[in-house]
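Read top to bottom, the protein sequences are chains A and B. Residue numbers for the first sequence, in the working numbering: 1452 to 1527. Residue numbers for the second sequence, in the working numbering: 5 to 772.
Hints are not guaranteed to be accurate.
Unchecked claim - Listed below are the simulated EDC-like cross-link pairs for lysine to aspartate or glutamate, each with C-alpha atoms no more than 16 Å apart in a straight line:
id	chain 1	residue 1	chain 2	residue 2
1	B	K102	B	E706
2	B	K698	B	E731
3	B	K46	A	E1485
4	B	K285	B	D314
5	B	K596	A	E1485
Just so you know, these hints were derived from the structure itself, not from any lab. Only a predicted model underlies this, so the values are computations on that prediction, with no experimental measurement involved.
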Amino acid sequence: MPICGYLITPSPGKKDAVQKSLSSFPEAEVYPAENQNMLIMVTETDSKEQDQELEHQLKSVENIDCLALTFGANPA
Amino acid sequence: MIRRELLKAMALASAATAASTLVPGVAFAELPEETNTDVQWKKTPCRFCGVGCGLLVGVQKGRAVAVKGDPACSVNKGLACVKGYHSIQVLYGNDRLKKAYVRKDGVMVETPIKDALDLVASKMKETISQHGKDAVSIYGSGQWTIPDGYCASKLFKGCIGTNNVEANARLCMASAVTGFLTTFGKDEPMGCYEDIDHADVFVTWGNNMAEMHPVLFSRVLDRRAKKPGVEIIDLATRTTRTSHAANHSFLFKPQTDLAVANAICHELFEKGMVNEEFVKKYTAFKKGKTNIGYGLEDGFAFKDKMESIDLKEFKTFLADYTPEKVEVISGVPASDIRYMAKLFGDPRKKVVSFWCMGANQHTRGTWINNLIYNIHLLTGKISQPGNGPFSLTGQPSACGTVREVGTLTHKLPYGVVMKEAARRKAAEIWNVPYENIPSKPTYHTVEMFRALDRGDIKFMWIQVTNPMVTMPKLNRYRPGAQKDGRFVVVSDIYPTPTTDVADVILPSACWIEREGMYGNSERRTAHFEQMLQPPGEAMSDTWQLIEVAKRLGYSKQFPYTAKDHIEQIYEEYRLFHKGKTHNMAPYEVLQKESGVVWPYVDGKSTLWRYNSKYDPACDATKDFDFYGKPEGKAFILARPFEDAPEKPDQEYPFWLNTGRVIEHWHSGSMTRRIPTLHQAVPEAYVELNPVDAKAMGIKHGEGVKLVTRRGKIEMPASVGGRGTPPEGMVFVPFFDENHLINNLTLDAFCPISKQPDYKKCAVRVEKA
């Protein structure tokens, strides 16, 4: 049941689009910054494999300048 | 919380923390409450000087717990000075005023604020009824927020009908105002701080910028570090930290900066370094009256008269100011004067001049401002990135409130009381009869305190300033305020020597305990929200004025609601400045931005005025348009060197110079309550030149007695400290209420600006 935290910097002017794309993943909760071009996201998956698959899919989301993993845990 | 939820909260907190590390101030409003970091960061301009640094204040459980520079603010780009970093501690001094006090049988008695406000209003009514409306007055400061000053002006000028409105900014930047008005016809600098990022040469005119404007000076040093060949010239009367950091330190004898500036102009002509095309197209030569006096007597009056002169007459005027002649007057070697002229005259170099109190607190303050402009106008080095004269200010809203709102006896929020159109505009916006606003100014600050002493003024309301520390010649004005038949109301956050003379003390909300706006030196208006609850019954100065206005029967003019009054007042005030030359940003823009520079036109700040590339108010067919003056031509003014009114003599053989230190701001009533700053400089001292100290047998730390024609004082000596006066001069910082140096200073002032000169009087120095 892995849980991860991410900090995302969208391409300029693409914050809303990136938020929409990321929010389409059922495993993700996305929070936009009010006053900066930034998003934070928490993901919760059922297994390590599913987490790896999600990570792979995240990398293919368009208009992301930077995706930083800030937290990871894999509770039993 | 079960473990899974806790881990999710940690994941969110880690991402939020990473975000705020990268971009301080980033806010995620939608985060679940438990994952938001405890500390909320909110933007505000700094409470202290006129630089207007953007700060982020961390608020936790209703208390300000941390502060840092705001990287989103272009003023300071994330930096702050030692005062800024400690600024929130000013909210939490042990002796903070939380209740109102009323003097009863000579003793201050705690009183509900509602009753104290009733008393203030009834005393005003009684005084007006018995002695006329010009017997009441208000004295504020450049620490007034924009809404504070606006309500004070509206109440006194518009509703009551007296021009008895002044502010302590008269003591610190009035000469800058009259300098701008006489040369350009419009107040405030044409450039902005971004000039620092483009300049090749910086000249500080009597301005210890390293201590007084440290964040800006750090930007100057950064520019020099990054661009080879950048130079700093410190032109001053005393060696300071700025002098040590400069490439060249040139010392002139007090008051002779007038001669030095004229000598630079002489040399520009002599060596063919004048920008003739610029001068021909965009300037006009003028002269004013000479031998204009010093204002030492009550009721002193002066009115300047401008006359046109031609280039030949101007050159003839300059003939008295050859570098060699001025070397004799000023002590600055002719070769150094020529060196400065060469820097100003080199078309490949961009030059910024900075000045503050050294030029402004000067019995010829308007003139020295004019003369610095002359140099920039003759070389065409003005209103362009990296080229410009830049008058700095000392208080957070000396520009935004006192100059722009117009809280001086002759001013209105737009224009002056002497102009019918300005009075009509104010009357219309204020919803008062036009006849209410008197057409004649009454008392400037020095004359206002003289009137209180004489008894012509019976009631004075003092807000957010400490004149019983900062007025010159206090040995007259303190007893004057305490005479029978005077009623003094003081609104402040701490007890001070000014609350000591009060009949009513009103506890004020401080800075971020209320909402407001300040305006800094570069025409930047910055908003701060209310982040904290004020202690006890403390109330904002704005709301105190509104409460009293309502009690005086002016509810119709003060209909503002408690929740939105700052927005309502600001939007009303903005009506005065509509148009391309001074448009202010809307309230909602101020809420979002870390300050906005006016004129704000079509959603954009105007960073360089009078240059048609940047300023939409200019005639677009010209490169430059000084639209405050006829035909868009700025005045180059012939202003001579005239000596100080009181010079060292046999009885009083030293110059007395006063000023500040980096740790303390203004009269010290706030910074002396910040333990770190107070411990750094716990008391005032007398700076002596080591040669003078040795001759008198005075060692560092030993007692020194200073005596002038107005009073005497004893303080410890500082020899070999951070500043060194030349032989024959002593310097004393004025922040220390236990060593009131202003008991000794002279109340001579510039006859045009009415700003006193705190930098020059004669003093005797003795070993105590």
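Status of each hint after checking the structure:
no., hint, result
1, K102/B x E706/B, "39 Å, violated"
2, K698/B x E731/B, "11 Å, holds"
3, K46/B x E1485/A, "13 Å, holds"
4, K285/B x D314/B, "14 Å, holds"
5, K596/B x E1485/A, "11 Å, holds"
The structure does not agree with numbered hint 1 stated previously, though it agrees with all others.
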